[in-house]
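Protein sequences, first through last, are from chains A and B.
Start counting the first sequence at 1; every next residue gets the next number (the working numbering).
Start counting the second sequence at 1001; every next residue gets the next number (the working numbering).
The set of hints was computed from the structure by calculation and includes no laboratory data.
It is possible that part of the hints are untrue.
Claimed, not checked - EDC-like, lysine to aspartate or glutamate: derived pairs with alpha carbons at most 20 Å apart:
#1 B:Lys1063 with A:Glu61
#2 A:Lys55 with B:Glu1058
#3 B:Lys1002 with A:Glu64
#4 A:Lys244 with B:Glu1088
#5 A:Lys51 with A:Asp101
Said to hold, decoys possible - Now the stretches of chain A that chain B is said to cover, found in silico as 3 or more residues with beta-carbon under 8 Å:
#6 1-9
#7 58-71
Because the structure is a prediction, the values reported are computed rather than measured.
Ideal Cβ placement from N, Cα and C applies to all residues, glycine included.
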Amino acid sequence: MINRNNIMETIGMVEKHKFDIRTITMGISLFDCSHENGEIARQKIYDKITKKAEKLVRTVEDVEREYGIPIINKRISVTPISLIAGASLDINYVEFARILDKAAETVGVDFLGGFSALVQKGFTKGDEILINSIPEALASTKKVCASVNVATSRAGINMEAVRLMGEIIKNTAYLTRDKDSLGCAKLVVFANSVDDNPFMAGAYHGIGEYETSLSVGVSGPGVVKAALEDIKGEPFDVVSETIKKTAFKITRAGEVLVREVSRRLNVPFNIMDLSLAPTPEIGDSVARILEEMGLERCGTHGTTAALALLNDAVKKGGIMASSHVGGLSGAFIPVSEDEGMMEAVRTGAITLDKLEAMTCVCSVGLDMVAVPGKTTASTISAIIADECAIGVINHKTTAVRIVPVYGKDVGEEAFFGGLLGRAPIMAVNKFSSEAFINRGGRIPAPVHSYKN
Amino acid sequence: MKAVLTIIGEDKVGIIARVSGVLAECTVNILDINQTVMREYFTMIMLVDLKKMEISIEELQQKFSIVENEMQLSIRVQREDIFKRMHEI
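Excised from the complex, chain A in its bound form (with noise of 0.2 Å):
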């Protein structure tokens, strides 16, 4: 029988309000890839790499075409690189990221990720020739994502690596500065980062999952919008109401999608990551559902609030339309890759310290956001010490990727392209924090009892 409102309302979703799948991802384990000669592993790591993603690319545009719903991405995340390269007795992983580079190319994908190190407590050897490669890294390759975790709620904030991510993002943007420091737009500093997130920057395939599998990345805010278009001057409870359901259909497309790829690919399901995803275009922003809720400008006096409500029901709607559910789930809010969130910083509307409040209430935190080039490294590192701080306390999850852009300054705009877009560069505190980051050591894991 045929539900002539239901098929026109998805045919809509696509054609007028920019719904897709944002990514399907395939993790790839390479623990059977490490070697004590770096050249030996990483000639394993491409073959398995190639192997396993060899029919990827092919079989996801097949069922783009059969299903009629668009998939932007598709993206391979590996095991952190520190954990594979560490085996070897290299004492420089920048030729793993450009075998993984290569191996991207060679099947196709969008993105790789998982040029990462995992060092909330401490460092070993691998993680530190790891961190101290990720700027020529960056620099040398195109389709891999870095990402390294600093903190989580159970071992606290390592801030030797805080500091050292802040030098290491300088150096990134420094030898990117011919791209507008483009490199630390692929470098997520993290706290309780995920082992299965789907999505980029930050995704890499953690410890304890598959062989292979895949996830995939939903999207869709400008579906989210336009339902919310409908409902001008109702009360929240139905704003929420709205925000579940729509959030149900779009989970439900991208579980559609992944199970059938999962079938035709042999390779298990892993996890759905609900996440609106905004894009540069015009339709398909964060920022204009929360001023469609009735703020004048995204960053004014009530959008904390607004991003709560818009982040929880995204979640409750999802969760209802999909038994596995993981990733990091919520609503993003990067600067350069939503256009309202962009008109938000130009207008004077929203400042880093209203994106600060924010990130405690949404996944995932301060994202693409550009500062003046001349930034100091122990700025940073204070920016991304308060991030994991808010992680740390109230057990979420919480990043930094932060554009220093080199030679550029408050008024100017940094332009990356593509899905990465453009930022205006946001003004940081002009007071110091360097010698509150050079004491180093570590910040205690939190006690999660006496709550207030």
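Based on the hints, put chain B in the right spot on chain A.
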């Protein structure tokens, strides 16, 4: 496997004939048709069975893209289960 065909465009003579002609040629059985004309716009939704079809959905879509150009229509062929899963608990 079932699929949903959505045909949208300016109303003119012969749309149903042309579309069902392609389906018959590919041994696709029509299970249900819902059609209206609103403000001169023709909208038809067909539920079809692809069980006996010997070509792929991609090839069927290619055949319809010829009809799309010929008759200035938009024709979508999508697997049916997506609509059920999205709109039913």
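Consistency of the hints with the structure:
1. The hinted pair formed by lysine 1063 (chain B) and glutamate 61 (chain A) meets the criterion: a straight-line CA distance of about 19 Å does not exceed 20 Å.
2. This hinted pair checks out: lysine 55 (chain A) and glutamate 1058 (chain B) have alpha carbons roughly 17 Å apart, not beyond 20 Å.
3. For the given pair, lysine 1002 (chain B) sits about 16 Å from glutamate 64 (chain A) by alpha-carbon distance, which is consistent with the 20 Å threshold.
4. Only pairs whose Cα atoms come within 20 Å are accepted, and lysine 244 (chain A) paired with glutamate 1088 (chain B) is accepted, the gap being roughly 14 Å.
5. At roughly 15 Å between alpha-carbon atoms, lysine 51 (chain A) and aspartate 101 (chain A) fall within 20 Å of each other, so this suggested pair holds.
6. Counting residues of the stretch 1-9 of chain A whose beta carbon lies closer than 8 Å to any beta carbon of chain B gives 8, which reaches the threshold of three, so the coverage claim holds.
7. Check on the stretch 58-71 of chain A: 6 of its residues sit with their Cβ under 8 Å from a Cβ of chain B, so the three-residue criterion for coverage holds.
Going through the hint list in order, the structure satisfies each hint without exception.
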